[in-house]
Every structure is written in C-alpha cells, then in structure tokens.
Amino acid sequence: MKNSITSFFGIDKLNSTIKREVLAGFTTFISMAYILFVNPSILGDAGMDKGAVFTATALASALGCVLMGVLAKYPIATAPSLGINAFFAYSVCIGMKVPWQTALAGVFIAALLFILITVFKLREKIIDSIPADLKYAISSGIGLFIAFIGLQGGGIVGADKSTLVTLGSLSGTTWVTIFGLLVTVILMVLNVPGAIFVGMLLSSIFGIATGFIPMPHSFVAGIPSMSPTFLVAIKHVGDINSLQLVVVVLTFLLVTFFDTAGTLVGLAQQGGFMKNNKMPRVGKALISDSTAMLAGSLFGTSPVGAYVESSAGIAVGGRSGLTAVVTGLLFIVGMFFSPLLGVVTSQVTAPALIIVGVLMAQNMAKIDWQHLEIAIPAFLIIAGMPMTYSIADGLALGFIAYPITMIAAKRGKEVPALMYAMFFVFLVFLWILNVE
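If you read the sequence shown in the working numbering, its first letter stands for residue 664, the second for the next number, and so on.
Calculated from the structure, these hints are not laboratory results. Quantities reported herein were computed from a predicted structural model and do not represent experimental measurements. This list has only true hints and no planted wrong ones.
Label-pair distances were calculated between CB atoms; the ranges are:
# : residue 1 : residue 2 : range
1 : L894      : L785      : 24 to 30 angstroms
2 : N854      : K1073     : 43 to 49 angstroms
3 : W1094     : S881      : 50 to 56 angstroms
4 : V828      : L853      : 28 to 34 angstroms
5 : D675      : A1084     : 45 to 51 angstroms
In this text, a Cβ means the ideal position worked out from N, Cα and C, and glycines have one as well.
Using the sequences and the hints given, assemble the complete structure.
Put into structure tokens, the structure is as follows:
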C-alpha cells in the first residue's frame, strides 16, 4: 500500500515522504478550514440555507482537492473563492436583486464555459489579453471589498446618513471582532500555521466566555441536508435571459480566471514546479478546478478555485498530489461539525475577511503607478469595488477607462481586441443598470 501511494504520486522523485505529505495536507486544511464557516455566513446573507451551503462547501472543496491531487498531482487545494462569493451575495443577489437560485444558474453556466475554454486551451489566451496591471488591480480591489465587508459585518464600520459610513459602536459583540482581529494579526505576524483558523477559534471561545455568543448544544452532528440548494442551478438556467445577467456570468468567468490563474502560477513558483517558465500539467490542474466549480454550482455554492493557503502546506514540504488528497479528505470529516455554524458569527468571521483582504491588496505594489494611462483605470477598479459595493461595477469603471486613457496616451495599439470589446460590453451594462 505504502509503495503504491509513493509510486502513484511520485513522492520519492520529489524527495519527499508520505509522512511529510500528510502533514502538509493537515497544514493546508487548518489554514483554509475557515471557509467552511465563512462561506455559509456570506451566502446566507443572500438568503441561502446555511446548512446546505456548509455541506456544499465541504463537498465541492473535497472534490476539487482530490481531483487536483489525483489528476494534476499538485499539492494545491481548492474551495469556494473569497471575493467571488462576496460578489455572488452582495453584488448580484443583494445589489442587483437577483434571486440566489438564478445566481447559482449563472455560476453553472460560467463553469460550463470554463470547462469548454479549458478543453480548447483558450483560457490562457483570454487571460493573457487582460493587462497584468489590471489583473493586479482586480485582486486588490476584491481585497478591499472583502475587508470592507468584514469591517461592516464585525461592527467596526457602520452606516451614517451624512457621511455614508462611520466608525461603528465599539461595544457589545463588536469586541469579539476587535479581539479576533488583534489575535489574528499577532498570529499572522508570528507566522503561526493556520493563523486565520486559530484566530476564529479563539474569537469563538472569547465570545462564549463573555456571553456575546451562545454555547452550542453539541460540536458534532449529522451532515446538513443539501436539498435546499442541490441541483437548483439547473432548474433556473432559463432565468439567465437579460444582458445584465449575461454580464454577471461573464464576471464570474473573468474574476475566477484571474483568481485561479494567478494562484496556480504563484504556488507553482513557490513549490519549484515551473519548468522553462511553464507549469507542467497545467491543463489537468485547470480541468480539476473547473470541474469542482461546476460540481459546486450543482451542490449549491459560489465558484470554486485554487486557494493561496495551499502555500502553507507547500512551505512545510508538501510537493505531491497526496497533500491535496489529504486536505480533501479532511473537508469530508469537517462536514460533521456543522453545529459550530451557530458559534461562528459574523463577528468571528470578520477578522478572517479583513486579513484576507490585506493579503490580496498586496498586489497594488505590482501596479505601474508611474504611468497615468495605467494608474487611472487600475485605481478606478480598486476604489470602485468597495465604494460601489460591487465587483462588477468596479470592473466596469476600470475596463471602460482603460482604452480611453491608452488612446489618449497614444498607446491605443497596445490595447488587446478583447479589451475594446469589454469597453462596449460594460458601457451597455452600466447603461442597463442606470435605466433599471
């Protein structure tokens, strides 16, 4: 058995051991286990059943991890992407008033397109047509958007009639957020493995000890039913019948592109997997995450993608697909801990959103701020997402501005044809929103 596992994953050739790969799998899971509780919290705001989303999150994550490990044989884990789930819940469902059932259908269609363009190897070409600076701006903007949602959900930021937002009331349950944020920041600075997950755990304990969070009746229970969300996407495919919803599908597709592509390349570089500046078996890796995205939409969750937290497992020596398989199996085990959903309140998950937002915002340093034709559209994307409370609107502002500023700078020939197409698509998109 041991020899078979070693041979299948090529562990010896990677100068690793089964013990090290298993440890790496546990490390990766601990680093990203927070998504089991954060995702239901976010999608629950859109009206989805939290128990069903919890199970869907675990299953979709497990499937993606196992596929990535067995097919692509990389120590890269997958799960519903933070940022895209915020777009799903707050921009599409709440902002555009699109029923979550229809939004799931949009994810399903985007996943089908995802698989199609991956099979025909068009995915890399589409990604390459988007300027690198705008890719960095998109991830940074999503980071600020996520952080703002965390600050808002944690009570640190509140609404104000005069200034739109203001400092929240630093009392009551807000102290759970403040405590969690301080603890998580300290753990992150100290490079403690699974800092975000540990921070959530300590925040929950603090909340229970202070009476701000009720004590759960149990810690382990049966797996919540997925019936409220299972296969709902297929039943509502016909609802994708307007330009607005087509743009939503396109946004799911594009944002998932940037998120997954950037994460895969970054992790491949960290693990030393790149050869001649190319990632071996990248096609299988892309098929793995797009298949998980499709399955996730059928189970009842927002788009699934590669997780940057996989770097934690790689850092402790994970080099083979066994690491990802172990992480996937742990997601299955995690399904039995649904009673903790009641303990993991928005105040507990808020620090996780804020910290992940900080990590994503680091990409701002990679943007060419010296040239205004680049800086202006990049800034509009970054500022537009949190200020309009919409990832799609932020994209629209930047994608519309980019061809204009480039032409003004006499660099219009450098703009890819797809970017000109996006200019008109997003112009119509904003016009449709304004009319409605």
